[in-house]
Structures are given as structure tokens and as C-alpha cells.
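Engineer: Chains as they are written, first to last, in the numbering used here: chain A, 1 to 111; chain B, 1001 to 1114.
These are computed hints drawn from the structure, not numbers from a lab. Just to be clear, a hint being listed does not mean it is correct.
Stated by the list, open to error - Just the calculated beta-carbon pair ranges, DEER-fashion:
(1) ASN1084/B x ASP17/A: 34 to 40 Å
(2) THR81/A x GLY1040/B: 21 to 27 Å
(3) PRO1008/B x ILE54/A: 40 to 46 Å
Please read all numbers here as calculations on a predicted model, not as lab measurements. No residue lacks a Cβ here, since even glycine has one placed at the ideal position from N, Cα and C.
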Amino acid sequence: EDKVVQSPLSLVVHEGDTVTLNCSYEVTNFRSLLWYKQEKKAPTFLFMLTSSGIEKKSGRLSSILDKKELFSILNITATQTGDSAVYLCAVEAEGAQKLVFGQGTRLTINP
Amino acid sequence: DGGITQSPKYLFRKEGQNVTLSCEQNLNHDAMYWYRQDPGQGLRLIYYSQIVNDFQKGDIAEGYSVSREKKESFPLTVTSAQKNPTAFYLCASTRTGWVGQPQHFGDGTRLSIL
Chain A
1 EDKVVQSPLS
11 LVVHEGDTVT
21 LNCSYEVTNF
31 RSLLWYKQEK
41 KAPTFLFMLT
51 SSGIEKKSGR
61 LSSILDKKEL
71 FSILNITATQ
81 TGDSAVYLCA
91 VEAEGAQKLV
101 FGQGTRLTIN
111 P
Chain B
1001 DGGITQSPKY
1011 LFRKEGQNVT
1021 LSCEQNLNHD
1031 AMYWYRQDPG
1041 QGLRLIYYSQ
1051 IVNDFQKGDI
1061 AEGYSVSREK
1071 KESFPLTVTS
1081 AQKNPTAFYL
1091 CASTRTGWVG
1101 QPQHFGDGTR
1111 LSIL
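Pulled out of the complex, with its shape left as it was, chain A reads as follows (with noise of 0.2 Å):
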């Protein structure tokens, strides 16, 4: 069965701190990995990584992704209030049309 784990599952720092978010994966002929930020409602689409060690990036947030060891981070650099949601990463399994979700990291920026 198709899992993906999520590490911490909840998180609070200080606003302007650095943040790693994990996501481990065990998953039948991977096909992507993908992050999603849900602040109150909709999730709304961060990345998509489908190859190793190339480093996705926008803004202070970066991601990248392991096949090896099977896991992916999510960073987060001079974090602000705003960046206070939740995390979600999924796997798409070649071939299966729909995704695997974790639990997702609650992620709480104070000021």
C-alpha cells in the first residue's frame, strides 16, 4: 500500500527563522511528489519534483526531492506570519491517476 509521512507534525517558530518540513514516501513506481500550502481552505499547489537532487525554488521557499532514499524536503528561509498553514506533500504512483496525501505539517509562525 502506498504511504507518505510527514515530519514534525506541527511546528512553531519564531518569525524570520529557517524551517525544513520532511516527507518520506513508500510508493509502487513513483512517478512525482508534489507540496501543497493550505492556509484556511483550498490547498494551493507549491511544487511538483519528479527528479533527484534538482532544487525547486520560489521565492524563500525551496524544495527537493531524494528517490534514493525516498523523501523529499521543504524549506522555508526568513519565514513570516504569513507562511503560517499547513503543509500537505502527496505521491502519484506511475499509471494510478491519483494522489496519496500525508498528514500534513501545521505550521504556526509567531511574530
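Starting from the known structure of chain A, arrange chain B on it as the hints suggest.
Structural biologist: Coordinates of chain B only, in the frame set by chain A:
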């Protein structure tokens, strides 16, 4: 603007009652999905549909039913057989064969039991 519309935002169900959650998209996407989100459990797949008039069960389909009579619409019925329906329900869509195409989500419906 293209997007996914879920309604209602909040819904209350009485014991023994069936309720239907609406999901409409104008993105011309072929595939649509229903997820359930409980606190601390991420998103779990209920049902999904790749094309009109066809759908598959996800991981937690028991107590739910769906239909896909139109490409734009994928309503979810929470039946009285679903004994613990209180949750946040999210609908999503994407293009079929979506290499490099992430799922887009609606704003969700929060269902509670009276």
C-alpha cells in the same frame, strides 16, 4: 475566472439523512476527485472520476456515492450509512494524463451532524 466551486460552504446533517455536496469546475478538466479531511489526518480519497459516466472508489468510499453525468460536475452524496460524516470535504480536478499538471482544489464544504 476559471476555477472550482463547491457548495454549500457549511452543511448540517440530521441523523438518517442523505446530503449532497456540489462541485462544479469550468477548467475543462477531465478528472475530478473528492477528498475528506479530518484534523491531523491530511486528505483521504473518497471517489474519483477520469471521464464522464465513469468513476472509481478511493480509499474510504463506504457510505458515499457519486455521479458524473457532465464533465463540469461531480456531486458527492453522503448517505446515512456514513456513521461519522463530520469532516471537511474537498473537491479537486486536473487534466487526464496530467504530467506536470497538479490538482486544483475548491474551497471545501464543512459538514457537521446536528
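Engineer: Next, verify each hint and record whether it holds.
Structural biologist: Evaluated hints:
1. Distance hint check for ASN1084/B and ASP17/A: the Cβ-Cβ separation is about 38 Å, which falls inside the suggested range of 34 to 40 Å.
2. The given range of 21 to 27 Å is respected by THR81/A and GLY1040/B, whose C-beta atoms sit roughly 22 Å from each other.
3. The supplied range of 40 to 46 Å is met by PRO1008/B and ILE54/A, whose beta-carbon atoms lie about 42 Å from each other.
In this structure, none of the earlier numbered hints is contradicted; all agree with it.
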